[in-house]
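Colleague: Sequence:
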Amino acid sequence: MIIDINLSLVGMSIVLLSLAADISRCCKIKSDILNIVFPILSIVLALAVGSIFPKILARYNAEKIGIATLPSIIKFAAVFKVVIKFLLNISNRIIKLFNVQHIENRYIKTDGIDFLLSNENTSPLPNNSRRFVSNIMDFTERKISQVMVSLSEIFAVDLDLPKEKIIKRIIATKYSRVPIYRGNINNIVGIIYTKNLAVAWRNSGIIVLEDLIYHAYYVPENAKISEILKELKKRTPSYRDSCI
1 MIIDINLSLV
11 GMSIVLLSLA
21 ADISRCCKIK
31 SDILNIVFPI
41 LSIVLALAVG
51 SIFPKILARY
61 NAEKIGIATL
71 PSIIKFAAVF
81 KVVIKFLLNI
91 SNRIIKLFNV
101 QHIENRYIKT
111 DGIDFLLSNE
121 NTSPLPNNSR
131 RFVSNIMDFT
141 ERKISQVMVS
151 LSEIFAVDLD
161 LPKEKIIKRI
171 IATKYSRVPI
181 YRGNINNIVG
191 IIYTKNLAVA
201 WRNSGIIVLE
211 DLIYHAYYVP
221 ENAKISEILK
231 ELKKRTPSYR
241 DSCI
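For the sequence shown, the UniProt record's numbering begins at 1 and goes up steadily by one.
Hint data in this document are derived by calculation from the structure and do not stem from the laboratory. Be aware that a few hints might be false.
[Claimed, not checked] Each pair of labels, with its calculated beta carbon distance range: (1) Asn99 - Val49: 34 to 42 Å; (2) Ala200 - Lys174: 15 to 23 Å; (3) Ala58 - Val83: 21 to 29 Å.
Here the structure is a predicted model, which is why all the values come from computation and not from measurement. Idealized CB from N, CA, C, for every residue including glycine.
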């Protein structure tokens, strides 16, 4: 945008200066006056037509103008990629002289998400991608109670059973993580990873099941999934997949 405005200013100044010379000869007006008036006029026109008016128009028709101009902007960026990269490198070097630190914002704002999830006529995303993003946003706002597995559907193993039965049940299951309880399924003591047990199974005579049990992370059923995900990021990897 800045390059476009600067190029338009240069081009308009050349045209108006040439026009000023022609008007001066035809109308017998002093060229000094025209040489002052026309550059000022070019600046006003460039700012009004090239900057202020497009911004105001885009503010009231952001989605339509964005979709209409995006292909042209992409092509323009591809054609002038080398020039833009050269100018950016110069700008970054100048910024470093003033000890200005660049902080990259990796998070998308709410307005950006709303634009991505708008209807198929305005959203730049295809239907499948838009539905995928929408499901992610909806999922993080749900409560644990809406996604948790009911107690009757949980496959778990009693730690008081003989070790051989525990190993056979876990190895035969289709689950990668199996809750372990003692006496009552409401008393879950931890999680066993099927992969870890399978590796140790070769030396079944010296398997100590207690050494393979990871502590379970208990979460309240009314908590939001987004809050639990943030909490899990702060914990060690052994807790991240073991939520009860």
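Colleague: Confirm or reject each hint.
Modeller: Results for each hint:
no., hint, verdict
1, Asn99 - Val49: 34 to 42 Å, "holds, 38 Å"
2, Ala200 - Lys174: 15 to 23 Å, "holds, 19 Å"
3, Ala58 - Val83: 21 to 29 Å, "holds, 24 Å"
In summary, this structure violates none of the numbered hints.
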